[in-house]
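Chain by chain, the residues:
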Amino acid sequence: MIRRNIQLNEQGRLRHFLTIEGLKRQMLVDILDTAESLSGVTDQTVKKVPLLRGKTIVNLFFEASTRTRTTFELAAKRLSADVLNLNISASATKKGETLLDTLNNLQAMHCDMFVVRHADSGAAHFIANHVAPHISVINAGDGSHAHPTQAMLDMFTIRRHKGDFYPLSVAIVGDIMHSRVARSQIHALTTLGVTEVRVVGPKTLMPKDVESLGVHVFHSLDEGLRDVDVVIMLRLQNERMQGELLPSEHEYYQLYGLTNERLKLAKPDAIVMHPGPINRGVEIESSVADGSRSVILQQVTHGIAVRMAVMSTCLGSHADGGAA
Amino acid sequence: MTQAVAIDPLLNDLAAQLKQHLSEHEIEAPLMIGIHSGGVWVAERLHQLLGLKDPLGHLDISFYRDDFSRIGMNPQVKPSHLPFNVDDRHIILVDDVLYTGRTIRAALNEIFDYGRPATVNLAVLIDRGGRELPIEANFSGIKMELASGENVKLKGPEPLSLHVAKKGSAE
Numbered sequence: 000m001i002r003r004n005i006q007l008n009e010q011g012r013l014r015h016f017l018t019i020e021g022l023k024r025q026m027l028v029d030i031l032d033t034a035e036s037l038s039g040v041t042d043q044t045v046k047k048v049p050l051l052r053g054k055t056i057v058n059l060f061f062e063a064s065t066r067t068r069t070t071f072e073l074a075a076k077r078l079s080a081d082v083l084n085l086n087i088s089a090s091a092t093k094k095g096e097t098l099l100d101t102l103n104n105l106q107a108m109h110c111d112m113f114v115v116r117h118a119d120s121g122a123a124h125f126i127a128n129h130v131a132p133h134i135s136v137i138n139a140g141d142g143s144h145a146h147p148t149q150a151m152l153d154m155f156t157i158r159r160h161k162g163d164f165y166p167l168s169v170a171i172v173g174d175i176m177h178s179r180v181a182r183s184q185i186h187a188l189t190t191l192g193v194t195e196v197r198v199v200g201p202k203t204l205m206p207k208d209v210e211s212l213g214v215h216v217f218h219s220l221d222e223g224l225r226d227v228d229v230v231i232m233l234r235l236q237n238e239r240m241q242g243e244l245l246p247s248e249h250e251y252y253q254l255y256g257l258t259n260e261r262l263k264l265a266k267p268d269a270i271v272m273h274p275g276p277i278n279r280g281v282e283i284e285s286s287v288a289d290g291s292r293s294v295i296l297q298q299v300t301h302g303i304a305v306r307m308a309v310m311s312t313c314l315g316s317h318a319d320g321g322a323a
Numbered sequence: 000m001t002q003a004v005a006i007d008p009l010l011n012d013l014a015a016q017l018k019q020h021l022s023e024h025e026i027e028a029p030l031m032i033g034i035h036s037g038g039v040w041v042a043e044r045l046h047q048l049l050g051l052k053d054p055l056g057h058l059d060i061s062f063y064r065d066d067f068s069r070i071g072m073n074p075q076v077k078p079s080h081l082p083f084n085v086d087d088r089h090i091i092l093v094d095d096v097l098y099t100g101r102t103i104r105a106a107l108n109e110i111f112d113y114g115r116p117a118t119v120n121l122a123v124l125i126d127r128g129g130r131e132l133p134i135e136a137n138f139s140g141i142k143m144e145l146a147s148g149e150n151v152k153l154k155g156p157e158p159l160s161l162h163v164a165k166k167g168s169a170e
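Top to bottom, those sequences are chains Y and B.
Counting from 0, one number per residue, gives the positions in the first sequence under numbering that gives the first Met the number 0.
Counting from 0, one number per residue, gives the positions in the second sequence under numbering that gives the first Met the number 0.
These are calculated hints, taken from the structure and not from any lab test.
Bear in mind that the values here come from a model prediction, so they are computed numbers and not experimental data.
Where is the CB? At the ideal position from N, CA and C, for every residue including glycine.
You may find that some hints are simply not true.
To be verified - Computed beta-carbon distance windows for the label pairs:
| hint | chain 1 | residue 1 | chain 2 | residue 2 | range |
| --- | --- | --- | --- | --- | --- |
| 1 | B | P78 | Y | E248 | 37 to 47 Å |
| 2 | B | H80 | Y | T194 | 53 to 63 Å |
| 3 | B | N108 | Y | T97 | 54 to 64 Å |
| 4 | B | S68 | Y | S219 | 26 to 36 Å |
| 5 | Y | N259 | B | D65 | 51 to 61 Å |
Unchecked claim - Cut-off 27 Å, straight-line C-alpha distance, at most; resulting in silico cross-link-like pairs (DSS-like, lysine-lysine):
| hint | chain 1 | residue 1 | chain 2 | residue 2 |
| --- | --- | --- | --- | --- |
| 6 | B | K166 | B | K154 |
| 7 | Y | K263 | Y | K161 |
| 8 | Y | K47 | B | K166 |
| 9 | B | K152 | B | K142 |
| 10 | Y | K46 | B | K77 |
| 11 | Y | K76 | B | K18 |
| 12 | B | K52 | B | K77 |
| 13 | B | K154 | B | K165 |
| 14 | B | K142 | B | K18 |
| 15 | B | K18 | Y | K161 |
| 16 | B | K152 | B | K166 |
| 17 | B | K166 | B | K142 |
| 18 | B | K77 | Y | K23 |
| 19 | B | K77 | B | K152 |
| 20 | B | K154 | B | K77 |
To be verified - Computed footprint of chain Y on chain B; a stretch qualifies when at least three of its residues, placed anywhere within it, have a C-beta under 8 Å from a C-beta of chain Y:
| hint | segment |
| --- | --- |
| 21 | 54 to 68 |
| 22 | 74 to 81 |
| 23 | 112 to 124 |
With the rest of the complex left out, here is chain Y:
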C-alpha cells in the first residue's frame, strides 16, 4: 500500500510544507521560481501584492525565534494576509490547555494557515494531521527534524549565485547531529541534484547513519573544504558546550572554525552561508562573516520571498478548480 504524502492534497498539490523529504524536484523548482518573481515586490512603491488578501495566518511559536518569526510575518504581510503572532511557550501550556485545545480554539477563529515552530521533532506533522481540511501548516522548525523554509531560502541563495545546481559541491560544517537546518539542506541539495554534498564535523556531532542520505562525511575541515563551491556553516548551540560532546569553544574554533586562511582551500568564487544567528569566533571568523564571500545577509532577504512563495503555493492548493 502506498501511503499518501501528508504534505500533498488529492490533486498532488502542496498543501502543507513540513519537510523537503519526499517532494519532487519540480515542486522545489516551482517554489524557487515563484520566489524569484515575488522578490520583485520590494521594487514597488507599495511593497505588497493582494494575493492572500482576506487570509489569516497564525505564527504559532512554541519556541522563541525573532528572525524566523519576523520574516514569516513580513512575508505574510507582503502578500496582504492578516497575521497573528502567538508565543505559546508559557501562556496556554501553563494553564493546562492541551495542544489540540489550542488548535481547536484557533480554528474556531477562522484562520487559514499555521506557521509552527516547536522544540519537539514531529510537532508540525502532528498539527497538520489534526487541522481542518481548509487549513495549511508550514513547519518553521521542529526539534532536530526539519526546517524546510530555511533550506529553500538557502537553495534560492545558491541558485542566485551559481545558476545550476548539478555541477556544485557543497560543504555543510558543524553540528550535523542536532541540526534540523542541515537535514533539510541535505534533502534539498540531493533532490535538486548537486554533484556532491559533504558534511564536516567532529564524530561526536555526526549522526551515525548520515551517509545513507547520500552525503560524504569528513572529520577534517581542511579536507572537507577543498574545492567546494558553497560552504554552509552551522550555528554551534551553546548548550552543546556544557555537555561532553565538545571539549571547549576555543578548541572547536581551532578545529572547525571557518577562517580566511581555511577558506582559501575552497574554490576562489565559493560563497559562505550561515543560517544565523552567528557565533563570531566560535564557528566562523568575524572577517569571514562580514567578508566579500559571505552571503549571510542576502539569505535573510531571500527568506522573505521564499516564505511568500511557500505560503502562496500552499494556500493556492485549496483552489476549487473552477474555470478561470
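With chain Y fixed as given, assemble chain B onto it according to the hints.
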C-alpha cells in the same frame, strides 16, 4: 479549423493611431508597458515602430488576478519589471487580446502599486468583445465578434501569428 490573420497591417495601424494620439496630446516621452506574454510581444513591435527612448516595461499580473482562490498559484509566473518611475508619466498599456477586461483591471492595480501615472491608455491588437467589466481599449488593431466557444490566440514571439479556433480544438 483554425484561421490565420495577417499581423503586420494591424501593428502598423495600431502604431499610426498611437502616433496621432501622442502628437495631438503633445506627449513626447510615453512609457510603454506590455502584459506578459502576448502583450509583451505586441509592445516590443510597437515600441520599435514608435521609436520610444525609455525601455519597455513588463508586467506579469499573476499576483493581482481575481481567481487565485479558484486556480491557485501558477509557478510559471514571470517577474514584473518596470525599469522606470511611473509617477506623472503617460503610460501606454499593451495587451494582445482584450476579452473580459479582468487582466486589465489587475494590470492597472499593479501599475498603481508602482506609483501614480499622469495617464494610462490601453492599446490592444484584438478586441474580441465579451467584456465583464467597464473597461475599454483606447486603441485596437482589429475588432472581432467571437462566440464564447471560440478563442483567438497570438503565437510568438517570432514570427507573430494570430489564430482563431474553436475552444478545445487542436491547434
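Open item on the list: When the structure is checked against the list of hints, which entries are broken? Sort them ascending.
Closed with: As far as the earlier hints go, 2, 3, 4, 8, 11, 15 are violated by this structure, in ascending order.
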